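A.B. asks: Each chain is listed here by its residues.
There are 2 protein chains.
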Amino acid sequence: MNENRKKTMPELNRISQENYKELHKDGLVLVLENMRSAFNVGSIFRTGDGFGVSFIYLCGITCLPDNRELQKTALGAELSVPSAHLETAREAINLLKKEGYTILALEQAHNSHLLYSDYFVKGKKYAIVLGNEVEGVSEETIALADACIEIPQVGAKHSLNVANAASIVIWEFFKSKTYAPTI
Amino acid sequence: MNENRKKTMPELNRISQENYKELHKDGLVLVLENMRSAFNVGSIFRTGDGFGVSFIYLCGITCLPDNRELQKTALGAELSVPSAHLETAREAINLLKKEGYTILALEQAHNSHLLYSDYFVKGKKYAIVLGNEVEGVSEETIALADACIEIPQVGAKHSLNVANAASIVIWEFFKSKTYAPTI
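If you read the sequences in order, they're chains A and B.
Residue numbers for the first sequence follow the working numbering, so the first one is -13 and each next one is one higher.
Residue numbers for the second sequence follow the working numbering, so the first one is -13 and each next one is one higher.
Please note that the accuracy of each hint is not assured.
Pairs count within a copy or across copies, as identical chains cannot be separated in the list.
[Stated by the list, open to error] Dumping the calculated DMTMM-like pairs for lysine to aspartate or glutamate here, alpha-carbon to alpha-carbon at most 20 Å: (1) Lys11 to Glu136; (2) Lys161 to Asp52; (3) Lys161 to Asp12; (4) Lys(-7) to Glu136; (5) Lys83 to Glu125; (6) Lys111 to Asp52; (7) Lys161 to Asp104; (8) Lys7 to Glu77.
Just so you know, these hints were derived from the structure itself, not from any lab.
These figures come from a predicted structure and were not determined experimentally.
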């Protein structure tokens, strides 16, 4: 028997879309502010589903789950991860602050915290704001956030695609959760 | 003064494309096996640049850096991260094994190692094989690899975009390197 045999669909132990909301009610929350590319938004839904993201606020011009381009990269994850549209990221942040979330904007700013293993405190509620592909998170939204987090980089560009950057942050939060080591 | 002020281009301390190869000669190596989407390949170059990937082998049908779609998502990173085309992933793996690399295929397989913090041993040389978007890494290539690594997931899909999955693996390797904590 080839021990490297790929897992079949049933062997992946996927949860149902119906169970997702209940199982992942205390996961990470994302706030997408004026994200331009529907492909990026869909990609973030797909990664969010993989790591139990609880909710995605789609703010400003960010497209909605009925967008065909979003669906091409979300591959159905837009049906499992709950989401809602709000006019501004400010509305989302105000709602989340009332619920006790720490709001972190992903941005290369002067006093940003560098993301690293064990950055996220287990049991604490976090929401991450992800900005526009060109402009980043708006200055107004950065001012509303509790802090900026930055992914340290060492190359010639210092520029990550927002869906790739989101994947890294979502992954770090996921690892901080109780259930991660016991999967 | 607003301490959350975004960093300007000079403040990002980007290295030059000329210095990249020398500074990142002992970074992670990637082997892309028959990757279908030029956008994904370009995206992997961009993330690779951010975290000092040393070399990318573009195998089989994987497109080359002169591809216009690749350039749209690589945003110039195809000029800093060195790469070469080979007909098969097997050729790349054989070359890398002779140079002392541990070869890991990113695949959901039966005896795969679950990726986690501190998976990568500092100072050890690693190459990661990333497969086709639909078929994954080929069975032949999995058999040639030293092990499979798998990113644990808890959602309804158990399916990450290959560029997002690559970002997570590249990030975990990056953190294992000496320089990461002192940036």
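A.B. asks: Hints first: check each against the structure and report whether it holds.
C.D. replies: Hint-by-hint comparison with the structure:
no., hint, in the structure
1, Lys11 to Glu136, "neither (26 Å within a copy, 25 Å between copies)"
2, Lys161 to Asp52, "neither (30 Å within a copy, 38 Å between copies)"
3, Lys161 to Asp12, "within (14 Å within a copy, 27 Å between copies)"
4, Lys(-7) to Glu136, "between (35 Å within a copy, 11 Å between copies)"
5, Lys83 to Glu125, "within (18 Å within a copy, 49 Å between copies)"
6, Lys111 to Asp52, "neither (28 Å within a copy, 44 Å between copies)"
7, Lys161 to Asp104, "both (8 Å within a copy, 12 Å between copies)"
8, Lys7 to Glu77, "neither (22 Å within a copy, 45 Å between copies)"
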